[in-house]
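Novice: Quick note, the sequences are listed as chains X and G, same order. In this text, residue positions in the first sequence follow my numbering: the first is 3, and each later residue adds one. In this text, residue positions in the second sequence follow my numbering: the first is 89, and each later residue adds one.
Treat the hints as calculated values from the structure; they're not laboratory data. Careful: at least some of the hints might be erroneous.
Claimed, not checked - Only pairs whose alpha carbons sit at most 25 Å apart, straight line, appear in this in silico SDA-like list of lysine to any residue: (1) X:K80 <-> X:T237; (2) G:K160 <-> X:S155; (3) X:K243 <-> X:K23; (4) X:K4 <-> G:E197; (5) X:K23 <-> G:R218; (6) X:K4 <-> G:T180; (7) X:K23 <-> G:L182; (8) G:K221 <-> X:R82.
One-letter residues, chain by chain:
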Amino acid sequence: MKAWIAFSSILMKDMRSYYLKPPNISWGLIFPVAWTLMFFLRSPVPVAVRDLLPGVMALSILFGTTSMLAVTITFERKNRSFERLLLAPISLNLLMLAKTSGAVLFGVFNAFVPVLFASFMITLSEVNWFMVLGSVLLIAVTSTFLGLFIAVSVSQVFEAQTFSNFFRFPMLFLCGLFIPLSELPVFIRPLSYALPLTYGVDILKTAINGDGVIAVSLNFLMLAAFSIFLFSYSTYNVNRKWIL
Amino acid sequence: MKIIEVKDLQKDFNGFTAVDRVSFHINRGEIFGFLGPNGAGKTTTINMLTGMARITGGRVKLMGEDYTGRPKKAQAMMGIVPDESNLYEELTGLENLIFCGALYGMDKEHRRARAARLLQQFGLEEAAERPFKAYSKGMKRKLTIAAGIIHEPEILFLDEPTTGIDVAFARQIRELIGELHRKGTTIFLTTHYIEEAERLCQRLAFIVRGKIVREGTVEELMKEAQGENIVNFTLGGDFSGAREEFARRFPGCSFKIGKTNSAVSVHSSSAIALFPLVKLFEENNLPVYEAKIVRPSLEEVFVKTTGIELQKMQEQKDRKGRKGGGTRS
Ligand SMILES: Nc1ncnc2c1ncn2[C@@H]1O[C@H](COP(=O)(O)OP(=O)(O)OP(=O)(O)O)[C@@H](O)[C@H]1O
Ligand SMILES: [Mg+2]
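This is chain X alone, in the form it adopts within the complex (with noise of 0.2 Å):
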């Protein structure tokens, strides 16, 4: 109970501090309108906006939530007002995962605002949203890791963001979310299979076109599995770097 309070206050206090102030409200929805209109408008056809959208959605969730934990950790270590949190009476697994939660639901909304966009060019009758709902939900979580492990990894705001880009815009190319896995160099094929979101797009794929390449449980289980890596070494990093 008394750690459900603080775990739920922290969450709260995050959302009023960061992800519901106007400028991360505009910026979750710029964001993704700006990658819907780059895509779509150039491809009025709508078998094409269907063929992009698991792409622009897996974007928008990567996005979302990486650049947030530059400030909800790594901001709040440089003033300090971490310490107070890893002063409190929670064990420090709950402590990151209340200070990721509000991340991982920040990259959702993201995902669903291409969704929307979408639904007014096609219809999205025969998607699977069981299916999208579990992918989008995990792609945030292992996006949010992924920048939970940058966050930690750095101690300066401005490191956090370059190297997060460091991560994100090799992305963008290597796990198929625009072009196909099959199309890349061979010799290139083993680095998309060892980034999380090569996994995440193709359970979309799968989900709403059909055409995803390897099997959803697999997918599942990868991200599964970079989560909790991405989470463990983050959290053995706070505890071996941040308690001096």
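Using the hints, position chain G with the ligands against chain X.
Specialist: Just chain G with the ligands now, kept in the frame of chain X:
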């Protein structure tokens, strides 16, 4: 009852020993002080006790229970006020306190009521709805202390509560600390202000370069300086001519001439009888305008045992305080 017990506590940073096998305890209801200069190891000690730093060696106990290496067990009973305010800039004073209460699992009504009460007690009611970033430095420090006691901890850690704060606020803060003490809060306080330690603490330890060089109640520590009695006289004339006669007539005393020839400082290892002295001054046509008994101060004890000039320590700290930086960033 001992709230905190520390035995042979040690902290190494890559081979450098910041805290060197210190042992002490803190009794329930008292203010225990750590007095020491820059880099003495005060903050590091607090960090080890509260779980912000790993313990290299030694044991720590809270209310008789060993929690070395398991700080989470003890943190619910601790209130921690760091040397720099670390509340949330964008939240109001009230929101900050309520949030801190929630971190300790206090339910909604309880933390609201307690936050309101603390704001009142700390004279911050009017600023309750203002964001923390709009607070002055002194107000920030006050709110940070309030946040440290929102959950009514068994022990409150105050790391240099008045450093870098202007005189008026520092005074208010000292009064608040005194008030907390009267209400029964146990406090571990670090400071480099000797008067602050003397005024607030029941017991204290001098810490220098990671080692406790003296420890005891203020009275016990004072005893060391009580070997010597001093009376300073301000006279209405030049004393230098009469000095020899005085030395002859009062063999137990030594007479030192001060800044001017009419200021005399009389030192003796036994009590100084004033009347015969005054009488002799008068006989030498030296009217006595002022006689001041100099009480031995904690300052003398500190300087004697640590070899550190107090003024230097203070200047160094004030410079640091103004810049607003700590040893860590
Ligand atoms: N993270 C760290 N890594 C290496 N050395 C450290 C670290 N933290 C503190 N020290 C060193 O340990 C010593 C004790 O530092 P500490 O901050 O505990 O002193 P302090 O008594 O609190 O001083 P101040 O009055 O400046 O706050 C200093 O020499 C400091 O440089
Ligand atoms: Mg310090």
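Novice: Are the hints correct? Go through all of them and say.
Specialist: How the hints compare with the structure:
1. With a C-alpha separation of about 17 Å, the suggested pairing of X:K80 with X:T237 holds against the 25 Å cut-off.
2. Between G:K160 and X:S155, the direct Cα distance comes to roughly 24 Å. Compliance with the 25 Å bound is thereby established for this hinted pair.
3. With a C-alpha separation of about 31 Å, the suggested pairing of X:K243 with X:K23 is violated against the 25 Å cut-off.
4. Simply put, X:K4 and G:E197 have alpha-carbon atoms about 14 Å apart, close enough for the 25 Å limit, and the pair holds.
5. About 18 Å separates the Cα atoms of X:K23 and G:R218, which keeps this hinted pair within 25 Å; it holds.
6. In summary, the hint linking X:K4 to G:T180 is supported, as the alpha carbons are separated by about 23 Å, within the 25 Å threshold.
7. About 20 Å separates the Cα atoms of X:K23 and G:L182, which keeps this hinted pair within 25 Å; it holds.
8. For the suggested pair G:K221 and X:R82, the alpha carbons sit about 14 Å apart, so the restraint of at most 25 Å is met.
The structure fails hint 3 only (numbered hints given earlier).
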